[in-house]
Amino acid sequence: MKIFNIFRRSLFLKVFTLSSVISIALIYFLGSNLYVRISSGIIDEKISASLSEGESAIQYADYRFIISSLNRSTDLVGLVDEIVRSTNVSAKDSGREIAFFSSNGEVIQSIPAVSTSNFLEPSSIPKSFRTQVQKSGELEWKRTKLRYLSGEELDGMVIGQRITIPRTGKYEMYVLFGFDAQQRSVDLIGRSMWGTGFLLIALIMITASVVLRQVIKPVKEAAEIAERLTSGDLMERMEVRGRDEVARLGTAFNEMADTLERQISRLENLSRVQQRFVSDVSHELRTPLTTIRMASDVIYASRENFDPVIARSAELLLSQIERFENLLADLLEVSRFDAEVAVLSLDKVDIVALVRRAVDDLGLALKERESQILIDAPEERLIIDADPRRVERIMRNLVANAVDHAEDKPIDITIKSNEGAVSISVRDYGVGLSPQHIERVFDRFWRADPSRSRIRGGTGLGLSIAREDAQLHGGEIRVWGELDKGSNFVLTLPKVQGTSPIEPAISEIPTDSSIS
Amino acid sequence: MTSVMVVDDDQDLAEMLGIVLNGVGIEVDLVCRGDEAVDVFRNNPPDLVLLDIMLPGMDGIEVCKQIRKQSMRVPIVMLTAKSDTHDIVKGLEAGADDYMVKPFKPSELVARIRTRLRRVGGEISSNLTIGDLAIDIVEHTVMRGGVEIPLTRLEFDLLVALAKEPGRVFTREALLGEVWGYRHSTDTRLVNVHVQRLRAKIEHDPENPTIINTVRGIGYKAGNTGPRG
Chain A
0 MKIFNIFRRS LFLKVFTLSS VISIALIYFL GSNLYVRISS GIIDEKISAS LSEGESAIQY
60 ADYRFIISSL NRSTDLVGLV DEIVRSTNVS AKDSGREIAF FSSNGEVIQS IPAVSTSNFL
120 EPSSIPKSFR TQVQKSGELE WKRTKLRYLS GEELDGMVIG QRITIPRTGK YEMYVLFGFD
180 AQQRSVDLIG RSMWGTGFLL IALIMITASV VLRQVIKPVK EAAEIAERLT SGDLMERMEV
240 RGRDEVARLG TAFNEMADTL ERQISRLENL SRVQQRFVSD VSHELRTPLT TIRMASDVIY
300 ASRENFDPVI ARSAELLLSQ IERFENLLAD LLEVSRFDAE VAVLSLDKVD IVALVRRAVD
360 DLGLALKERE SQILIDAPEE RLIIDADPRR VERIMRNLVA NAVDHAEDKP IDITIKSNEG
420 AVSISVRDYG VGLSPQHIER VFDRFWRADP SRSRIRGGTG LGLSIAREDA QLHGGEIRVW
480 GELDKGSNFV LTLPKVQGTS PIEPAISEIP TDSSIS
Chain B
0 MTSVMVVDDD QDLAEMLGIV LNGVGIEVDL VCRGDEAVDV FRNNPPDLVL LDIMLPGMDG
60 IEVCKQIRKQ SMRVPIVMLT AKSDTHDIVK GLEAGADDYM VKPFKPSELV ARIRTRLRRV
120 GGEISSNLTI GDLAIDIVEH TVMRGGVEIP LTRLEFDLLV ALAKEPGRVF TREALLGEVW
180 GYRHSTDTRL VNVHVQRLRA KIEHDPENPT IINTVRGIGY KAGNTGPRG
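Line order of the protein sequences matches chains A and B. Per numbering that gives the first Met the number 0, residue 0 is the first one in the first sequence, and the count goes up by one each step. Per numbering that gives the first Met the number 0, residue 0 is the first one in the second sequence, and the count goes up by one each step.
I should point out that these hints are in silico values taken from the structure, not numbers from a laboratory. Given the structure is predicted, the values throughout are model-derived calculations rather than measurements. For every residue, glycine included, the Cβ atom is placed at its ideal position computed from N, Cα and C. No false leads were slipped in.
Some chain A residues near chain B, calculated using beta-carbon distances under 10 angstroms:
1) H282
2) T290
3) I291
4) A328
5) P387
Work out the full structure, taking the sequences as your base and the hints as a guide.
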């Protein structure tokens, strides 16, 4: 599995191994074919040469015996001996051996039943072959192994024919040849072919690896540079040498990187300009808004001196300016998140006290609404790393949202902690949320029911900002909701910064949920 | 009559500030350039300065530093269109006592100005000592071994708030209420920056404070009961 992975990851290894395997197979196939042809050629030639030599030796012996039949005084024992000994060069030294066998296996007129040259073992001639020769009368031959009394063995062949010794009986004469010299040449050829094969394979492997490196190096370089480009280093370029295909790859790659860099910097610039614009607009709006605000306050303060229409107008003016202020503040905050310039101003914060204070402050502002807010929190302090301004804003947004949708039913706030995190749930029992609502509840300016009156004139950015604030802390907000059963928002913050992932201490799904 | 110098390049806003402050019996001197503000302050020192950060001639932070060179006592409240931590902390470190982010409620501005101008410790007639410091409430001075340590009014108020109840732990929110007059705020940057500034002036080793001690996760307390005695 591991090796498989290595192969999958390295183009070099893949191509190198493939080309090596193919060349080894090819060389092995060609080499063994050639070897078989050469070696069988050499042996075949030796066989045909031996056949004619053996035939003439047998014919000569036959001739001698025919001659001897004309002369009654011939010493047959001596003649056999002479013929057997006529081979003064052993088959071991590319010569031949001669053997005489009495066909019925008996000693007749002192001629031995078996006589061989150079201490050849009679068993070198297989029994089956003897039977074949006895039956045939023609010249027969067979591959065999020559064995000597000394224990030596060598590959070779045996040629045999029936022969009749006058006044004595039927004999078989065998001429044996060793293929030792041929075998040696064949072995030598085999060895040199192995050597050449190995050398060839090594050469092919070296060539392949050199060529592969040449081709793969720029590819690898391109891959590395592409990776660096991906990780944001837009200045990376490939080095282009020569005018070959690899150079073309490099040029094309660099052009791609140029285009990419241009596009990205254009987009970056655009979004920077856009964010800058939003931020500038918000700031520029603040000064005149301050003047308007103060002016309307002055007018509002003396509304009792005006007639009722103008007095009511002064009230509306002030409340709408307040709404406008909130919207502007939220827009500015959103633009800060979008520009990724929002930073945490961390402190050690007692989250229980902070939540109580946030609810108290909001309670003053929400006097006109009937919802009762109940807090279930631990007695002791819960100190966490947090930006108090942001956490208070999250709580304000979550509680305000709950009050807006609670339909004057009570709101439960629960604070719990586990090892690494603190969770605060804000539960209402009002209109609730459908699954489709839950998906969109953090979207900017989204409202569950557009026809619903804007009770408190919320900006529509509160929950979106709350979630951004939570994420800036490495925390999260989870939501549960069911239509007509209410909703539950659970804020979870890490106790110590940088310890995410965190596990919420409270599940967003309440115990009275029909789904759970 | 109390006089306030308003430094803002927006004429209309400055005029409106004048109307609002005149309405509550505060005399207003309007200046619209940063460089002029320093001269006006020298010739006719007001009781309090309202200072915009973005100004022609010289920016508000520099103006703040220049004014602090002339007067430790005068309260300075920055007016800023930016609520970014960076700008506010820079202003506070330059010597501003408080800041207001535009747009603000006129009533809030008036409340802040009043808080900055009131005399603290009115209920205490005797002098206080904390560590090796002698605080003279009436004279508004802090002495160490007969040498006066120059403090801004706000730093003095902060020190008195802590020193009059040694050992009591003040949360940052409590200090914000007591010293700055905030009722609903968790802007602890104000407290943190001023505690740092105060420590730099009165502690022997500001890195290991012994007069104003930090109580982790809660706030501060004054006195010899700190971890280092």
